[in-house]
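*Asks:* Sequence:
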Amino acid sequence: IRGRADVLLRQISLKFGETPEERRKQVMSAGKAELDAWTDAVLMTRNIDDVFDNKTPFVMIDRPRLFKS
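Going by my numbering, 7 is the number at position 7 of the sequence shown; the sequence numbering is gapless.
It is possible that some hints are incorrect.
[Stated by the list, open to error] Once the Cα atoms are required to be at most 20 Å apart in a straight line, the calculated EDC-like pairs of lysine to aspartate or glutamate come out as:
#1 Lys25 - Asp40
#2 Lys32 - Glu22
#3 Lys32 - Asp53
#4 Lys15 - Asp49
#5 Lys15 - Asp50
#6 Lys32 - Asp6
#7 Lys15 - Asp36
#8 Lys15 - Asp53
#9 Lys25 - Asp50
#10 Lys25 - Asp6
#11 Lys25 - Asp53
#12 Lys25 - Asp36
#13 Lys32 - Asp50
#14 Lys15 - Asp40
#15 Lys25 - Asp49
#16 Lys15 - Glu34
Keep in mind that the hints were calculated from the coordinates and are not lab data.
Please model the entire structure based on the sequences and the hints provided.
*Replies:* Below is the structure:
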C-alpha cells in the first residue's frame, strides 16, 4: 500500500503542484480501495479537491482519445 500512496502523491505533485500536508496525511492513511479510486481520479480531474471528493462525478479533461473501440 505504501508504494501506491507514493505513486499517488507523485502524480498529485506533478499535476497540481505541492501537495498540502492534510492531503498527504489522508493519502498515507488510506486503504487500497481509496488509493485505487484516487489514482484513477487524479487522471480525470481538474483540481486536487475533486480527486478526494467521492460525492461528485469526475470532471473529464478534454483530451484526444488514444484508443478507438
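*Asks:* It remains to establish, for every hint, whether it holds in the given structure.
*Replies:* Evaluated hints:
1. Between lysine 25 and aspartate 40, the direct Cα distance comes to roughly 19 Å. Compliance with the 20 Å bound is thereby established for this hinted pair.
2. With a C-alpha separation of about 19 Å, the suggested pair lysine 32 and glutamate 22 falls inside the 20 Å cut-off, and the hint holds.
3. This hinted pair checks out: lysine 32 and aspartate 53 have alpha carbons roughly 17 Å apart, not beyond 20 Å.
4. A distance of roughly 12 Å separates the Cα atoms of lysine 15 and aspartate 49; the hinted pair therefore holds under the 20 Å criterion.
5. A C-alpha spacing of about 13 Å is found between lysine 15 and aspartate 50, which places the hinted pair at or below 20 Å, so the restraint holds.
6. Annotation: proposed proximity of lysine 32 to aspartate 6 holds, straight-line Cα distance about 12 Å (limit 20 Å).
7. A C-alpha spacing of about 17 Å is found between lysine 15 and aspartate 36, which places the hinted pair at or below 20 Å, so the restraint holds.
8. Straight-line distance between C-alpha atoms of lysine 15 and aspartate 53 comes to about 17 Å, which keeps the hinted pair within the 20 Å bound.
9. Of the supplied pair hints, the one linking lysine 25 and aspartate 50 holds, its CA atoms being roughly 17 Å apart against a limit of 20 Å.
10. For the suggested pair lysine 25 and aspartate 6, the alpha carbons sit about 12 Å apart, so the restraint of at most 20 Å is met.
11. As the CA atoms of lysine 25 and aspartate 53 are separated by approximately 16 Å, the hinted pair is consistent with the 20 Å bound.
12. For a cut-off of 20 Å, the pair hint linking lysine 25 to aspartate 36 stands: about 16 Å separates their Cα positions.
13. The hinted pair formed by lysine 32 and aspartate 50 meets the criterion: a straight-line CA distance of about 19 Å does not exceed 20 Å.
14. Distance restraint check for lysine 15 and aspartate 40: the Cα-Cα separation of roughly 13 Å lies within the 20 Å cut-off, and the hinted pair is therefore satisfied.
15. The hinted pair formed by lysine 25 and aspartate 49 meets the criterion: a straight-line CA distance of about 14 Å does not exceed 20 Å.
16. Between lysine 15 and glutamate 34, the direct Cα distance comes to roughly 19 Å. Compliance with the 20 Å bound is thereby established for this hinted pair.
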